[in-house]
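Dock chains B and C against the given chain A, drawing on the hints supplied.
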Amino acid sequence: MNKWTKLTLPLLQPIAAIIVGLLAGAIAIMIAGGDILQTYAEMWKGAFGGMYFFTNTLSRATPIILIGLGAAFAFRAGFFNLGAEGQMVFGALSAALVGLYMPGPGWLVCIAAILAGVIAGGLWSVMAGYFDSRFGVNLLISTLLLNYVAVLFAGYLVAYPLKDRSGSAAMAQSEMLDNSVWLPKLMSGMPLHAGFVLAVLAALIIFVLLKRSVIGYEVRMLGGNPLFALFGGVKRGPMMLGAMFFSGGLAGLGGAVEILGSQYRYIDGALSTADYAWTGIMAALLAGSHPIGTLIASIFLAALQTGGMGVERNTEVPLEVGAIIQAVLILFISARFTYSFLKRRKGDKSDGTAV
Amino acid sequence: MLLQMDNITKKYGEFSANRGIDFSLRAGEVHAIVGENGAGKTTLMRILYGMEQPTSGTIRLNGKEVSFASPLDAIQGGVGMVHQHFMLFPTFTIAENIVIGNEPGSGAKFDRKQAVKIVEGLCDQYGMKVDPRAVVSSSAPGVQQRVEILKVLYQGAEIIILDEPTGVLTPLEVQELLDAIKQLTKQGKSFILISHKLNEVMDVADRITVLRDGAVTGVVEKGNTDAHQLSRLMVGRELMELDRKPITPGEKVLEVANVSIRGTKGKPVLDEVNLEVRAGEVVGIAGISGNGQSELLQVISGLAQPDSGRIAVSGKDVTGKSTREIREHGLAHIPEDRYVWGANRTATVMDTGLMGHQRRLQKGGFLNLKEIRSLVSGWVQKFSIKTGSLETSTQYLSGGNLQKLIVARELEQGTPFLIAAEPTRGVDIGAMETIHGELLKRREAGTGILLVSSELTEILKLSDRVLVMFEGRIAGELSAKEATEEKLGMLMAGGTL
Amino acid sequence: MEQLFDLALINSALRVLTPILLAALGGALCSRVGLFNVGLEGFMLLGAFSAVVGNHFFGNVFYAILFAIAIVSIFSFIFAYLSINLQANVIVVGIAMNALAAGLTTFSLRALFDVKGAFYDNTMVGLPKWNIPFIKDIPVLGPILTGLTPLVYLSFLIAGLMWYYFYRTKNGFRFLAVGENPLAAQSMGIRVRRYQYGAVLASGVLCALAGAQLSLGQVTMFTEGMTAGRGFIALVATMLGQSGPLGVTAASLLFGFMDALSIRFQGLALPTHFTQMLPYVVTILAMFFFKDKSFQKDALKQGSSSR
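Residue numbers (UniProt numbering), protein chains in the order written: chain A, 1 to 355; chain B, 1 to 497; chain C, 1 to 307.
Okay, chain A solo, but in the shape it has when bound:
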């Protein structure tokens, strides 16, 4: 294999997938009675047309990147953590609570709120990891179901004890954070905030960690063949708890920076409606759990969403066209697993902890 094909071959399938995704989107647009070229032009403008829209896309990508990185890390270690939504919600909620009630200078409160978000998301996630490693509770299912519990619990808090009663709105939401604890914007007048820098840093750190560190090596081996890792002296239990904390912590961080940098309060359902969690998981799957790939895929998927909004503003086509393109993309890309799973016996059962 020469160098050129070696470099382009891994890109071939993602590009093909994007083309197929766009074709599926075109069919959807046709059904909705829109003009395909015009719709895609609006989509491009909505995502990248001008500085405001571009930074808006990056801002939307911020929680998605962090959540995607968390999912990717867990996947690499062989744990199917699908609980990003609950972990993000608890991270966001804790960040909002610390931001509202902790005394002290704004910058300190902001840092404390971010840490609280990481810890809350991490603990919620590590709980599921503990259930699996100690009691054999299927991780994939428990993390999924815990999402509902977390969202309902946070919803209860902002609907009753912590409800913002100052405004006339009947919305279930917390009070607004003081602007001294807000994450700084990167450019004045633009939506992009400092959380994006954290997200890019996280991607780079995880990339180096996985490739070069001892822990990263053990994580990769555990994900590839858990018995081999065990045989070689890797302790699965502690690794599972650690990986789940790290993964959930990143999702919690995603929720926290979204609150501190964009929404400034916890609004019931706002994070779920935006679908940050599942988009993040999709980004990780698209990128084959590669950290840098996850970063790029997250921005791409965020662009589909912000582009979809642009489409909705200026055409008759609903914004969910982005969701369709995204899902078709994932389906198409999932077939790529054929290569890496070629040697695995077919018809194998998976309990969700072994990727």
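Errors might be hidden in some of the hints.
Calculated pairs, DSS-like style, for lysine-lysine (alpha carbon to alpha carbon, straight line, at most 30 Å) [unchecked claim]:
id	chain 1	residue 1	chain 2	residue 2
1	B	K481	B	K441
2	B	K129	C	K170
3	B	K481	B	K252
4	B	K129	B	K363
5	B	K363	A	K211
6	B	K222	B	K487
7	A	K45	C	K116
8	B	K245	B	K197
9	A	K163	C	K116
10	B	K382	B	K461
11	B	K182	A	K235
12	B	K113	A	K235
13	C	K170	B	K113
14	C	K170	B	K109
15	C	K170	B	K117
16	A	K235	B	K245
17	B	K197	B	K182
18	A	K235	B	K487
19	B	K370	A	K211
20	B	K481	A	K211
21	B	K117	A	K235
22	B	K382	A	K211
Which chain B residues stay away from chain A? Per the calculated CB distances, all over 12 Å, these [said to hold, decoys possible]:
id	residue
23	G28
24	Q53
25	E65
26	T91
27	G101
28	A140
29	M234
30	E325
31	L375
Hints were generated in silico from the structure; no laboratory data involved. We put the beta carbon where it would ideally sit given N, CA and C, even for glycine.
Chains B and C alone, transformed into the frame defined by chain A:
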């Protein structure tokens, strides 16, 4: 001639598994095919059984050319196959296992009572006893073997292919199988026997075809040959003689005291096992697989915990410790199954080679890639491991090359104690000689080695002492001088000396 | 507590357990042939939506259900093709199918009906609610079996048929054999893929029925994400029931009862958030009592040696 295979060639890409093989079978004959691993025996039989299509060549049954597109075609053509790994459904009954594919009953209904009657009839007809109502998973390997043969007989097979049929049988069960084969040939059935155990071949076969590197190197009548000639035809040269220098054993490097594991079905998996290994000796454990050897190794290496008893490595108690701690106390381990325990197929050769060394070759939590690279490429040269590069995915290594990588990795640990489980399973003669040589070098350097192997020849060649495991117990111990295949066979079957 | 537990509760449990039972039976078929179908949720959601679409356009419940079955069958065929022929990771495909179902339904809601969130049309006909003449007068049984849709009865009938299929027919015997040891089944000339396809398509049909019961049974409307995790609860019922029809039915009964109880609690002064949590919490708790295979055995199965 009942069966005639002419000029069979099978290519996988560039690689030829079979090269112009001619093979024939007479009615009522037992025709054995012998050869090393990778010589092409199994491929040839998969072609005959319709599981693979030949690249070129013809198959004729009773003079008529046939082409089997699937096992179903082969079965209908009167060819049955008993695979090396039993193709049985463990939770189903014996009767269900035999009638599957042609179940009795009217319409869509499956009549299980009728199935039992059919199987009882088959048992009488062919003189092989099984209990049709018993569940397969709770039956002995010898019984499962009979179930496989009854199954192909039920399908109406005239030609029965047996692929390495004696691997999991006790010597007594082997004898029963060989007797059954002779009995069935009297009733007109013909057998193709694939084996690498020359004594069994010499016992039962009428003719023997020898394969090497995918080609026929000889077809001989049993009366005109002997085991020595066969092994020379198989390998293509005389085998090297190993010399085992006498050594006085030193300190205890492994001590296992009263170790037991309770089983799920009342029978203990390990029953009060006591053994020790001293520096500079090779202790062999012989036994039919499934008599507790795997569990014993898992307990010693920390992959499983014993219910009672004590284990010490290099004089330190390691009972209940994790694999990492036990390795740190001085254990290296060549695992019995290289794909399950020994490698990560999707990782690079370098990553697979690194396992167990990662905490040594680091600086501040980061891997010292330069040192790792030079270490692993050193092994690749020393053991002549064939790999594209260190970045090649492990799954592309052949079994023998991967085994050499694993052996190199574990020897590099330089520990006073080494477990070598099935160190040469499925590798070619060249790799086997390399691995045996290296193990003996370690012995001379003072490492204590616990060798577990299902190949008696390997046990006898390398061991200073031989222990035999039967049903979770140490059934007996013999010194290298006392140990013979016959004596070991007796102990392996649960007998006494 | 008297108002909490009465015969009407059992009646409502039967109504709400039906979608879970149907989907869980589909999940059991898939897991028997070695495919862990995480896509049940998406199958069911699409079934609920297409049943409403069919109802709107045909004005006939029977055609509506047929339409739902057709749509979900196409959907499950994609699942089968990707995971069986292309050997994609079943879990990844399942997750993607769920996302696709969510995207498709919200998009089509806008594209077809031009509404957001929910669609309701008072010309639509719901599933008939049967009051069987003689039974409704029997004391205990009467109130329990009052006003149930045919799908409730059908779901139990299907569970019974599945039992008969597995344990009394030749074809069902081979189906179990495929799941037990696919390699051995193949060597017997049994076409493993055919059975796998059959299982996935059947699970698609069952999920279409489950969705129809959701959107045309209790209420006659579709809301976005109305399955609300029932597909995953069904998956747990599959696991708890060890993929046997009777066990799956029993597990679904438990979850259906919890669902009904949570609806009943909403009449009380408790915040609805907590009553809505009940089914999820109970499902997670149930998994503590089900000893899943250890990861070691699972990994052993996946990595078994080849020479």
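Structure-based check of each hint:
1. For the hint pairing B/K481 with B/K441, the CA-to-CA distance comes to about 21 Å; that is within 30 Å, so the pair holds.
2. Taken as a hint, the B/K129 and C/K170 pair is honoured in the structure, with Cα atoms around 26 Å apart against an allowance of 30 Å.
3. Taking the CA atoms of B/K481 and B/K252, the gap is near 22 Å; set against the 30 Å cutoff, the hint holds.
4. Between B/K129 and B/K363 the CA atoms are separated by roughly 64 Å; this puts the pair beyond 30 Å, and the hint is violated.
5. Taken as a hint, the B/K363 and A/K211 pair is honoured in the structure, with Cα atoms around 14 Å apart against an allowance of 30 Å.
6. For a cut-off of 30 Å, the pair hint linking B/K222 to B/K487 stands: about 27 Å separates their Cα positions.
7. Proximity of A/K45 to C/K116 is assessed by CA-CA distance (about 24 Å); at most 30 Å being required, the pair is judged to hold.
8. Distance restraint check for B/K245 and B/K197: the Cα-Cα separation of roughly 28 Å lies within the 30 Å cut-off, and the hinted pair is therefore satisfied.
9. Of the supplied pair hints, the one linking A/K163 and C/K116 holds, its CA atoms being roughly 26 Å apart against a limit of 30 Å.
10. Proposed proximity of B/K382 and B/K461 is supported: the alpha carbons are some 23 Å apart, at most 30 Å.
11. Distance hint between B/K182 and A/K235 is unfulfilled; the C-alpha atoms sit about 53 Å from each other, more than 30 Å.
12. A C-alpha spacing of about 51 Å is found between B/K113 and A/K235, which places the hinted pair above 30 Å, so the restraint is violated.
13. About 13 Å separates the Cα atoms of C/K170 and B/K113, which keeps this hinted pair within 30 Å; it holds.
14. A threshold of 30 Å between alpha carbons decides the hint, and for C/K170 with B/K109 the separation of about 6 Å falls inside it, so the pair holds.
15. A C-alpha spacing of about 17 Å is found between C/K170 and B/K117, which places the hinted pair at or below 30 Å, so the restraint holds.
16. For a cut-off of 30 Å, the pair hint linking A/K235 to B/K245 is broken: about 40 Å separates their Cα positions.
17. Annotation: proposed proximity of B/K197 to B/K182 holds, straight-line Cα distance about 17 Å (limit 30 Å).
18. Under the criterion of a C-alpha separation no larger than 30 Å, the hint pairing A/K235 with B/K487 is inconsistent with the structure, at around 42 Å.
19. Distance check on the hinted pair: B/K370 and A/K211 sit about 14 Å apart at the alpha-carbon level, within 30 Å; holds.
20. With a C-alpha separation of about 52 Å, the suggested pair B/K481 and A/K211 falls outside the 30 Å cut-off, and the hint is violated.
21. Distance restraint check for B/K117 and A/K235: the Cα-Cα separation of roughly 53 Å exceeds the 30 Å cut-off, and the hinted pair is therefore not satisfied.
22. Under the criterion of a C-alpha separation no larger than 30 Å, the hint pairing B/K382 with A/K211 is consistent with the structure, at around 27 Å.
23. Taking the minimum C-beta to C-beta distance to chain A, about 38 Å, the non-interface status of B/G28 holds against the 12 Å cut.
24. Every CB of chain A lies more than 12 Å from the CB of B/Q53, the least distance being 20 Å, so the non-interface label holds.
25. The claim that B/E65 lies off the interface holds: its Cβ sits roughly 33 Å from the closest Cβ of chain A, which is beyond the 12 Å cut-off.
26. Every Cβ of chain A is farther than 12 Å from the Cβ of B/T91; the closest lies at roughly 15 Å, confirming the non-interface assignment.
27. Residue-level check passed: B/G101 sits 19 Å from the nearest beta carbon of chain A, beyond 12 Å.
28. No beta-carbon of chain A comes within 12 Å of the beta-carbon of B/A140; the shortest separation is about 26 Å.
29. The beta carbon of B/M234 sits about 29 Å from the closest Cβ of chain A, which is more than 12 Å, so the claim that it is off the interface holds.
30. At roughly 8 Å from the closest C-beta of chain A, the C-beta of B/E325 falls inside 12 Å, breaking its exclusion from the interface.
31. No Cβ of chain A comes within 12 Å of the Cβ of B/L375; the nearest lies about 15 Å off, and the non-interface call holds.
Hints 4, 11, 12, 16, 18, 20, 21, 30 from the list above are not met by this structure, while the remaining hints are.
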